[in-house]
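Top line first, the protein sequences correspond to chains X and E. For the first sequence, position 391 matches number 427 in the numbering used here, and the numbering has no gaps at all. For the second sequence, position 245 matches number 281 in the numbering used here, and the numbering has no gaps at all.
Treat the hints with care, since some could be wrong.
[What the hints assert, rightly or not] If you anchor each label on the Cβ, the simulated ranges turn out as follows:
(1) Gly113/E <-> Glu342/X: 45 to 55 Å
(2) Asp418/X <-> Asp450/E: 54 to 64 Å
(3) Asp418/X <-> Asp418/E: 55 to 65 Å
(4) Ala116/X <-> Ala155/E: 42 to 52 Å
(5) Leu317/E <-> Pro386/X: 40 to 50 Å
(6) Thr206/X <-> Lys94/E: 32 to 42 Å
(7) Val323/X <-> Gly91/E: 54 to 64 Å
(8) Val323/E <-> Thr409/X: 45 to 55 Å
(9) Glu313/X <-> Ala96/E: 56 to 66 Å
(10) Glu417/E <-> Gly324/X: 32 to 42 Å
(11) Met175/X <-> Asp418/E: 42 to 52 Å
(12) Pro389/E <-> Ala96/X: 55 to 65 Å
[To be verified] Calculated lysine-lysine pairs in the DSBU-like style (CA-CA distance at most 30 Å, straight line):
(13) Lys429/E <-> Lys41/E
(14) Lys453/E <-> Lys321/X
(15) Lys453/X <-> Lys321/E
(16) Lys402/X <-> Lys216/X
(17) Lys429/E <-> Lys388/E
(18) Lys216/E <-> Lys402/E
(19) Lys388/X <-> Lys402/X
(20) Lys216/X <-> Lys388/X
(21) Lys321/E <-> Lys216/X
(22) Lys402/E <-> Lys321/X
(23) Lys216/X <-> Lys453/X
(24) Lys94/E <-> Lys41/E
[Unchecked claim] Pulled a few chain E residues facing chain X out of the computed Cβ check, cut under 10 Å:
(25) Asn195
(26) Ser250
(27) Ile272
(28) Pro282
(29) Ala289
(30) Thr309
Source of the hints: derived by calculation from the structure; they are not laboratory data. Just so you know, even glycine gets a beta-carbon here, dropped at the ideal spot from N, CA and C.
2 protein chains.
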Amino acid sequence: MPLMKSWVESANAPDHPFPLNNLPYGVFSHAGTEERCGVAIGDMILDMASAEDAGLVKVADEPVFDLPYWNDFMDLGSEAWTALRARLIALLAEGSSERNAVEPHLVPMAEADLHMPIAVSEYTDFYAGRHHAFNVGTMFRGPENALPPNWLHIPIGYNGRASSVVVSGTDIRRPWGQLKSPDHDLPAFLPCRRFDIELEMGAIVGTSSDGPISVQEADDNIFGYVLLNDWSARDIQAWEYQPLGPFQAKATATSISPWIVTKAALEPFRTETPEREFELLEHIKDVGPMLYDIDLSVSMAPEGQEATTIARTNYNQMYYSAPQQLAHHSTSGCPMNVGDLLGSGTISGPTKPERGSLLELSWGGKEPLTLDTGETRTFIEDGDTLTLSGEAKGDGYTIGFGTCVGTVLPALEDPYKR
Amino acid sequence: MPLMKSWVESANAPDHPFPLNNLPYGVFSHAGTEERCGVAIGDMILDMASAEDAGLVKVADEPVFDLPYWNDFMDLGSEAWTALRARLIALLAEGSSERNAVEPHLVPMAEADLHMPIAVSEYTDFYAGRHHAFNVGTMFRGPENALPPNWLHIPIGYNGRASSVVVSGTDIRRPWGQLKSPDHDLPAFLPCRRFDIELEMGAIVGTSSDGPISVQEADDNIFGYVLLNDWSARDIQAWEYQPLGPFQAKATATSISPWIVTKAALEPFRTETPEREFELLEHIKDVGPMLYDIDLSVSMAPEGQEATTIARTNYNQMYYSAPQQLAHHSTSGCPMNVGDLLGSGTISGPTKPERGSLLELSWGGKEPLTLDTGETRTFIEDGDTLTLSGEAKGDGYTIGFGTCVGTVLPALEDPYKR
Chain X
37 MPLMKSWVES ANAPDHPFPL NNLPYGVFSH AGTEERCGVA IGDMILDMAS AEDAGLVKVA
97 DEPVFDLPYW NDFMDLGSEA WTALRARLIA LLAEGSSERN AVEPHLVPMA EADLHMPIAV
157 SEYTDFYAGR HHAFNVGTMF RGPENALPPN WLHIPIGYNG RASSVVVSGT DIRRPWGQLK
217 SPDHDLPAFL PCRRFDIELE MGAIVGTSSD GPISVQEADD NIFGYVLLND WSARDIQAWE
277 YQPLGPFQAK ATATSISPWI VTKAALEPFR TETPEREFEL LEHIKDVGPM LYDIDLSVSM
337 APEGQEATTI ARTNYNQMYY SAPQQLAHHS TSGCPMNVGD LLGSGTISGP TKPERGSLLE
397 LSWGGKEPLT LDTGETRTFI EDGDTLTLSG EAKGDGYTIG FGTCVGTVLP ALEDPYKR
Chain E
37 MPLMKSWVES ANAPDHPFPL NNLPYGVFSH AGTEERCGVA IGDMILDMAS AEDAGLVKVA
97 DEPVFDLPYW NDFMDLGSEA WTALRARLIA LLAEGSSERN AVEPHLVPMA EADLHMPIAV
157 SEYTDFYAGR HHAFNVGTMF RGPENALPPN WLHIPIGYNG RASSVVVSGT DIRRPWGQLK
217 SPDHDLPAFL PCRRFDIELE MGAIVGTSSD GPISVQEADD NIFGYVLLND WSARDIQAWE
277 YQPLGPFQAK ATATSISPWI VTKAALEPFR TETPEREFEL LEHIKDVGPM LYDIDLSVSM
337 APEGQEATTI ARTNYNQMYY SAPQQLAHHS TSGCPMNVGD LLGSGTISGP TKPERGSLLE
397 LSWGGKEPLT LDTGETRTFI EDGDTLTLSG EAKGDGYTIG FGTCVGTVLP ALEDPYKR
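Here chain X stands alone, though its shape is the one from the complex:
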């Protein structure tokens, strides 16, 4: 599929993240307005609340866009998703007869504040990138025992904390936590010393289910995708994670990019999961090309300095796709809800510069990275800004995710003094 041209000129540049082919969904405020739904087109945002109010888009009897989340729209179901996309393309395409009616509802993105695009119902994080699991397992247990016995049969995941999900741009406060230094017999309560990122994609559930669903149903139920940074306190994690998994190490924050890229926009980029060592059981078996070819990168910028790209990888490196994760998630009868967020797990490729966490990039802190500024890093230092980026490259156009950014602030001097 080639570039679809829009009368919003900035959207037509081949490397612009938000062409008419994309039309990602977000929540914004502008010049003192309440938070409301918007759609990115080039350098502009279409104010969906005012467009709905003006009768340009109508998806339900009640207004659903004058809200600070897309949940109500998602809940209308996939026919409404398809209809809205078609309507938006009609309104914004080059030559649209409704250009004059639409133009007053465009707001420059540069003047807007972006907010969380959804109300997160619950958040689940997976561990479904093979290279990441192999790297981490090798550091902890050696290469021969790197993957747990279950890993090649089910997408391993754990429930995260929805309350800690924040939108890109939110500063991240280095946490305190209980941890035990290898050279101490007893734990202490200290600021985290090994604060890390995890480069992930987040899948957003747009249709509720109540009982086991197939991989095809799961794919149908996914609304779209965002970039996701699963901030991780490695020293807290090392002390707490046995036997019930990570808890406070992952509860400080998880950042997501502000624009939900819909499944429809990603359709041309579908790609196969990797070859299977063991055939997957029926309930999680691939039903077609389940992943997407999305280039991903991580950059790190010390305070006031330029950024260095520290990793480049691709979403096609996942072993399990989001529909397979969602299908697995439902096997127990677990009700899944509109607004549930599923983290893919850290995405690493096979070679060193493709690793999606500092834990892997610095090999547990033993091999410091050298940034373009000359500074070195094992884990994150105070003031560092970490940026995830993602884009799918089409024929003369780009489906961009924008960025997922966070700056790490120093730990509070005394976390109990307020």
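Position chain E against the provided structure of chain X, taking the given hints into account.
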């Protein structure tokens, strides 16, 4: 504190679970009404929506009781909690001058349906009963390595699935899941064969926080307690839980009792946590008697047969209290919200008949239980009804939790056929 007498006569029996001293909060419907807040007093429920409408109780400018959850009331803060309790006592005490005005708002509990008392924001389950952790650890790793190194220093917990929390009385469908038999090399997708209960107490967070909170603040933020049954698929759990903890094994359902017993009602029953092997670090140290003396029991009834009490224990067997769990939960800066539910972890005492799960009672299935009916059990069979009960015994009165009941239905023949 002695029995406080009510003009609702049934409330004055010394073994009645709902005397004036208790006044637990629930949600009910009756004769076709919408779900609404209610307060149990003896055999009756005070309809809080109609009482509020009639001006008998007023806690905020907007009505908060004509809702299917207590979240809005909880969110008013602890002064409102104290004021409401005082007002209810005034209305319902023997000799109240308002008896005639209140009486029309009472509904017989026997005619009402009980529903979830709160909208669960997020659900966290702990592993903070020492005898349970020791028993399970002994089965898996032997007695010398039973407790993980962190166990005596932090309340180990994991995030559960809020969407799976159901009210007592809801039937529980035996789940399917991926599991691996010890005599097979590869996993299979099958109905769970080792379906179990966990006897727990649930603590309900009534005040939000955003950053680390002290144990005292955590205690202040807890609204009340319920019984909680953390249904567990042991064979699914054994296969999935390494390395990130239980996931689908715990996602079929968690049942809670319908009546929230407030902290105020439990105040006379405060008791100390057990002696510490290691002094706890400051952020989770006891700040007074942190537990409650609450007798707990579990009964099992095969389909159509009488129930056998299979376990009796006490909430005072916990190693970590709910305020300590909540304080730990907040250390990372994790935002905690009104409606968060914290499971205590399975409560087992030191001797065999005090064990709070079938896994422990049957020692991993090796020592079947004999019920009073003559039948034997290792794990739950289809049609079995499991009932948790709890009560604190005061001076001539009882603070009852009522029961938390669930009947296990057979697994679906084909979970993907609907």
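Each hint tested on the structure:
1. Judged by the Cβ atoms, the range 45 to 55 Å given for Gly113/E and Glu342/X holds: they are separated by roughly 48 Å.
2. Between Asp418/X and Asp450/E the beta carbons are some 55 Å apart, a value that agrees with the proposed interval 54 to 64 Å.
3. Range check, Asp418/X to Asp418/E: about 57 Å between beta-carbon atoms, so the 55 to 65 Å window is met.
4. At about 26 Å, the beta-carbon gap between Ala116/X and Ala155/E misses the expected band of 42 to 52 Å.
5. Separated by about 42 Å at the C-beta atoms, Leu317/E and Pro386/X satisfy the suggested range of 40 to 50 Å.
6. Hint check: Thr206/X to Lys94/E, Cβ distance near 39 Å, so the stated range 32 to 42 Å holds.
7. For Val323/X and Gly91/E, the Cβ-Cβ distance of about 60 Å falls inside the hinted range of 54 to 64 Å, so the restraint holds.
8. In this structure the hint that Val323/E and Thr409/X lie 45 to 55 Å apart at CB holds, the actual value being about 47 Å.
9. In this structure the hint that Glu313/X and Ala96/E lie 56 to 66 Å apart at CB holds, the actual value being about 59 Å.
10. A C-beta distance of roughly 40 Å is found between Glu417/E and Gly324/X, which places it inside the suggested range of 32 to 42 Å.
11. The hinted window of 42 to 52 Å between Met175/X and Asp418/E holds, with their beta carbons roughly 45 Å apart.
12. Restraint check, Pro389/E to Ala96/X: a C-beta distance of roughly 57 Å satisfies the suggested window 55 to 65 Å.
13. Only pairs whose Cα atoms come within 30 Å are accepted, and Lys429/E paired with Lys41/E is accepted, the gap being roughly 16 Å.
14. Taking the CA atoms of Lys453/E and Lys321/X, the gap is about 17 Å. The hint holds against a cut of 30 Å.
15. As the CA atoms of Lys453/X and Lys321/E are separated by approximately 17 Å, the hinted pair is consistent with the 30 Å bound.
16. Our distance criterion of 30 Å between C-alpha atoms is met by Lys402/X and Lys216/X, whose separation comes to about 18 Å.
17. Taken as a hint, the Lys429/E and Lys388/E pair is honoured in the structure, with Cα atoms around 23 Å apart against an allowance of 30 Å.
18. For the given pair, Lys216/E sits about 18 Å from Lys402/E by alpha-carbon distance, which is consistent with the 30 Å threshold.
19. Taking the CA atoms of Lys388/X and Lys402/X, the gap is about 14 Å. The hint holds against a cut of 30 Å.
20. Straight-line distance between C-alpha atoms of Lys216/X and Lys388/X comes to about 29 Å, which keeps the hinted pair within the 30 Å bound.
21. Note on Lys321/E and Lys216/X: the hinted pairing holds, with a Cα-Cα distance of about 18 Å set against a maximum of 30 Å.
22. Taking the CA atoms of Lys402/E and Lys321/X, the gap is about 35 Å. The hint is violated against a cut of 30 Å.
23. With a C-alpha separation of about 23 Å, the suggested pairing of Lys216/X with Lys453/X holds against the 30 Å cut-off.
24. Between the alpha carbons of Lys94/E and Lys41/E the distance comes to roughly 24 Å, so the proposed pair stays at or under 30 Å and holds.
25. Here the hint on Asn195/E is kept, as its CB sits about 4 Å from the closest CB of chain X, short of 10 Å.
26. For Ser250/E, the interface hint holds, since its Cβ comes within 10 Å of a Cβ in chain X; the closest pair sits about 6 Å apart.
27. Because the beta carbon of Ile272/E sits about 7 Å from the nearest beta carbon in chain X, less than 10 Å, this interface hint is met.
28. Annotation: interface hint on Pro282/E holds; nearest CB of chain X at approximately 7 Å, less than 10 Å.
29. Restraint check, Ala289/E versus chain X: the minimum CB separation of about 8 Å is within 10 Å; hint holds.
30. At a threshold of 10 Å, the smallest CB-CB gap from Thr309/E to chain X is about 18 Å, leaving the interface hint violated.
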